[in-house]
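So the protein lines, in turn, are chains A and B. Its first residue numbered 1, the first sequence is counted upward by one per residue in my numbering. Its first residue numbered 1, the second sequence is counted upward by one per residue in my numbering.
One thing to keep in mind: the hints can contain errors.
Since the list gives no way to pick one copy over another, a pair counts as held whenever it fits inside one copy or between any two copies.
Dumping the calculated DSSO-like pairs for lysine-lysine here, alpha-carbon to alpha-carbon at most 27 Å [to be verified]: (1) Lys-407 x Lys-81; (2) Lys-168 x Lys-397; (3) Lys-417 x Lys-90; (4) Lys-265 x Lys-202; (5) Lys-372 x Lys-407; (6) Lys-90 x Lys-165; (7) Lys-165 x Lys-78; (8) Lys-78 x Lys-265; (9) Lys-297 x Lys-417; (10) Lys-7 x Lys-24; (11) Lys-165 x Lys-459; (12) Lys-24 x Lys-455; (13) Lys-197 x Lys-297; (14) Lys-459 x Lys-65.
Don't read these hints as lab results, they were simulated from the structure. Please read all numbers here as calculations on a predicted model, not as lab measurements.
There are 2 protein chains.
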Amino acid sequence: MPIVGRKIGVVNIGLKSFAENLEKQGIDVIHVNWRPPAGGDLERIRLLSQIEGEEVDQANQVAIKKILESQPILVSIKPAKDAIPKMHEKMFLHAGPPVTWSRMCGPMRGAMIGAALFEGLADTPEQAEKMLRSGDIIFEPCHAHSAVGPMAGVISPRMPVFVVKNRKAGNFAYSNINEGLGKVLRFGAYSSDVIKKLRWMKDNLALALGLAIERASEIDLRSITARALNMGDECHNRNAAATALFTRSLMPYLLETDLHVDIMKEVARFLSENDHFFLNLSMACCKATMDTAIGLKDSSIVVAMARNGTEFGLRVAGTGEEWFTAPAPLVDGLYFPGFKTEDANPDLGDSSITETAGIGGFAMAAAPAITKFVGGSPEDAITYTREMYEITIARNKNYAIPSLNFKGTPTGIDVRKVIETRITPVINTGIAHKEPGIGQVGAGLTRAPIECFEKALKKLAENHR
Amino acid sequence: MPIVGRKIGVVNIGLKSFAENLEKQGIDVIHVNWRPPAGGDLERIRLLSQIEGEEVDQANQVAIKKILESQPILVSIKPAKDAIPKMHEKMFLHAGPPVTWSRMCGPMRGAMIGAALFEGLADTPEQAEKMLRSGDIIFEPCHAHSAVGPMAGVISPRMPVFVVKNRKAGNFAYSNINEGLGKVLRFGAYSSDVIKKLRWMKDNLALALGLAIERASEIDLRSITARALNMGDECHNRNAAATALFTRSLMPYLLETDLHVDIMKEVARFLSENDHFFLNLSMACCKATMDTAIGLKDSSIVVAMARNGTEFGLRVAGTGEEWFTAPAPLVDGLYFPGFKTEDANPDLGDSSITETAGIGGFAMAAAPAITKFVGGSPEDAITYTREMYEITIARNKNYAIPSLNFKGTPTGIDVRKVIETRITPVINTGIAHKEPGIGQVGAGLTRAPIECFEKALKKLAENHR
Chain A
1 MPIVGRKIGV VNIGLKSFAE NLEKQGIDVI HVNWRPPAGG DLERIRLLSQ IEGEEVDQAN
61 QVAIKKILES QPILVSIKPA KDAIPKMHEK MFLHAGPPVT WSRMCGPMRG AMIGAALFEG
121 LADTPEQAEK MLRSGDIIFE PCHAHSAVGP MAGVISPRMP VFVVKNRKAG NFAYSNINEG
181 LGKVLRFGAY SSDVIKKLRW MKDNLALALG LAIERASEID LRSITARALN MGDECHNRNA
241 AATALFTRSL MPYLLETDLH VDIMKEVARF LSENDHFFLN LSMACCKATM DTAIGLKDSS
301 IVVAMARNGT EFGLRVAGTG EEWFTAPAPL VDGLYFPGFK TEDANPDLGD SSITETAGIG
361 GFAMAAAPAI TKFVGGSPED AITYTREMYE ITIARNKNYA IPSLNFKGTP TGIDVRKVIE
421 TRITPVINTG IAHKEPGIGQ VGAGLTRAPI ECFEKALKKL AENHR
Chain B
1 MPIVGRKIGV VNIGLKSFAE NLEKQGIDVI HVNWRPPAGG DLERIRLLSQ IEGEEVDQAN
61 QVAIKKILES QPILVSIKPA KDAIPKMHEK MFLHAGPPVT WSRMCGPMRG AMIGAALFEG
121 LADTPEQAEK MLRSGDIIFE PCHAHSAVGP MAGVISPRMP VFVVKNRKAG NFAYSNINEG
181 LGKVLRFGAY SSDVIKKLRW MKDNLALALG LAIERASEID LRSITARALN MGDECHNRNA
241 AATALFTRSL MPYLLETDLH VDIMKEVARF LSENDHFFLN LSMACCKATM DTAIGLKDSS
301 IVVAMARNGT EFGLRVAGTG EEWFTAPAPL VDGLYFPGFK TEDANPDLGD SSITETAGIG
361 GFAMAAAPAI TKFVGGSPED AITYTREMYE ITIARNKNYA IPSLNFKGTP TGIDVRKVIE
421 TRITPVINTG IAHKEPGIGQ VGAGLTRAPI ECFEKALKKL AENHR
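With the sequences and hints as input, model every part of the structure.
What follows is the structure, given as structure tokens:
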């Protein structure tokens with residue numbers, strides 16, 4: 001059939017301007033939104049093609065199965081030194097990848113000073129700083145000990161931690177207890193009222209919650225998370241529903257303890273005043289979930305994203321304990337009155353374990369009201385979640401998002417998909433002041449740095465050779 | 001300028017097929033989606049035009065101001081006979097417009113029998129029925145006493161009621177306490193365990209909650225509702241968030257009472273097991289709000305929609321205490337396993353006071369997960385809310401819907417708008433079995449009957465002459 005003289009249509013691939021010009025001339029055009037993979041970089045494409053095979057796909061399927069089948073339950077509260085196997089008297093844990101005192105950011109140093117005062121290892125902040133600088137205390141990442149902590153994430157031996165068990169896989173995860181807002185250790189504050197509250201948490205709160213949890217026998221964190229995702233939480237920066245559900249279900253058990261009513265009263269008051277209380281439980285729930293995939297040869301699924309305020313670190317199932325790092329990015333956010341961008345510390349905390357597990361920023365479509373806190377519109381929230389389906393390999397049907405017609409949360413970040421699409425994981429997060437002792441100055445959104453994924457890709461390809 | 005020879009466009013009003021035909025011929029058409037008001041009925045249009053003036057608009061503005069400025073707070077719990085001014089020993093209140101024993105539906109008769117047993121006025125259901133039939137007890141609508149009750153809505157003299165005060169206008173509203181799910185009085189059950197639970201509620205629950213509420217001094221119901229609307233509730237058939245928020249905030253005060261810990265334990269357990277607990281508080285909050293507009297001459301704003309299971313009744317601000325009724329419609333819904341449409345009682349209960357106040361079915365866009373309970377999709381939920389803006393005169397900025405970019409709930413149903421558009425208020429609701437003693441068989445959606453609005457229109461026009 002002759003082409004000349006017939007009406008023809010065009011399919012345009014690549015640059016959109018070609019399609020637009022044809023359209024102006026009245027020609028029917030379908031534009032295909034295609035871009036070369038990996039930004040067209042030949043070296044990256046070569047590495048990608050090395051791990052495009054069935055072996056990696058299969059390893060990822062094993063990984064995602066373990067992740068989706070996880071059943072984290074809260075079993076107890078114990079002092080870190082008793083709960084965490086390799087924890088000892090001279091070890092302080094912190095958020096993110098490994099970091100030395102000299103490279104540590106302000107809020108993390110502040111939290112370390114606070115921990116030293118809390119432990120009774122120093123009488124003044126100056127003494128504490130001297131002691132910490134001297135190398136007396138070993139600093140290790142929470143993640144190296146199946147633990148997670150928000151912001152500075154400092155856990156010292158006597159601090160009480162939640163013990164979360166993955167009923168399916170049998171592994172354990174740990175997190176410290178949320179202190180509430182205002183001047184708190186996790187944002188680098190170490191004044192005497194901060195230490196006083198930590199001591200009350202150790203002596204009274206942990207005791208009471210521990211006894212109540214024991215009586216409740218098993219608190220299903222996945223179920224609370226699932227219900228909270230139907231109630232406007234994304235379980236990272238919005239935990240209002242999850243906290244209320246947790247509190248409500250724990251109260252009858254608290255009343256079954258033989259504790260003095262004054263302690264119960266204080267505990268009930270504490271729980272009723274902190275909408276973020278569930279955050280640390282959400283994090284431990286996600287940690288217990290993602291750890292099931294660590295060390296699965298060949299798998300390109302991300303198992304941890306964490307920040308120490310200096311560096312952002314990534315761990316991948318197939319590369320085990322290794323960290324792939326890049327400078328911690330800044331957070332684009334809304335600031336509390338009186339603060340501005342210049343006050344902000346770069347991205348900080350283990351709380352991005354929630355995004356790693358497919359909630360938090362990945363589930364923002366479930367939490368339109370969070371945009372009042374981190375910025376953007378409810379429409380943006382939906383856009384973020386939709387975008388995250390591009391870089392994940394599964395939808396978690398346990399975690400349904402009502403506004404997306406109960407579609408499961410985007411779960412299982414594949415390093416290959418991130419490299420291919422250049423779409424990086426979105427993380428919503430609190431912003432700490434860069435100086436110790438000040439606290440939270442805002443909240444907002446950031447992205448995991450692509451460099452971490454490029455380093456991981458290289459290592460995965462190397463290992464796979 | 002000549003028309004012939006120039007390119008012309010068409011604006012089509014009315015039948016869409018005209019526009020479609022022109023479109024097929026390649027002519028540019030804009031279709032205006034217009035229909036004759038009031039279905040084109042000349043009598044209705046005549047009545048409408050009688051109340052289209054500024055006087056009605058102004059009266060409605062006064063009404064909506066009172067509604068939007070209302071600040072209902074929970075102040076106490078008291079026995080109905082002590083709380084409700086005209087309540088007396090021989091009076092039982094019920095849901096919906098007035099109804100006699102002979103016309104009463106099954107579940108309401110069941111609830112009346114249960115109330116008689118609870119009050120100790122009879123020893124057996126047979127005795128109770130005989131007594132109730134004899135005329136010994138006066139039946140009056142809850143709404144005639146500033147009260148509301150879900151489903152059968154039966155309130156007898158010794159039943160404890162929530163006392164809600166509108167801090168702004170000074171008026172009071174009352175509601176009974178939610179019993180939970182299963183076999184309960186409000187669905188017409190009256191077995192001994194139902195009565196036993198009611199007695200426990202009177203002797204222990206009401207006592208404990210009453211003391212806690214007293215200590216809390218003022219519990220702001222509007223604030224809880226606002227937060228719950230950001231957490232997936234619409235505060236009629238979904239109260240999971242509101243109940244959790246209420247429980248969490250009340251717990252510290254409960255612990256401040258000097259009650260025995262065993263009572264506290266029972267109360268905490270009861271509150272932790274009933275996701276609908278807040279419903280009755282939501283209803284009293286709405287009742288205290290809408291009553292502020294009752295009797296405002298000329299106003300065409302609906303102040304109550306209520307059903308007694310036989311009839312649906314409407315009250316309008318400008319016509320005061322008068323009821324405009326029509327047969328109660330059936331509910332289109334999802335049935336619990338083992339039940340079907342034939343088992344259903346027609347629409348029942350005062351809970352549609354929530355829709356009257358702009359939440360419930362009107363705020364379904366805030367509660368996408370409710371569609372799992374009442375049927376439809378999250379998209380339908382948004383459609384219902386959008387539709388209700390067509391028949392209301394305001395958006396309640398106190399009640400923001402995150403998924404609609406924080407638009408306020410559609411509030412203030414204007415009888416004129418309902419008649420003009422033929423769009424009737426959507427109500428989501430539980431479904432009771434038509435026989436007494438069985439209970440809830442499902443949940444779903446229904447519409448207020450247009451006949452009620454037509455009767456109200458007629459009366460408004462008459463009054464306005």
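Name the hints, by number, that the structure is in violation of.
1, 3, 11, 12, 13
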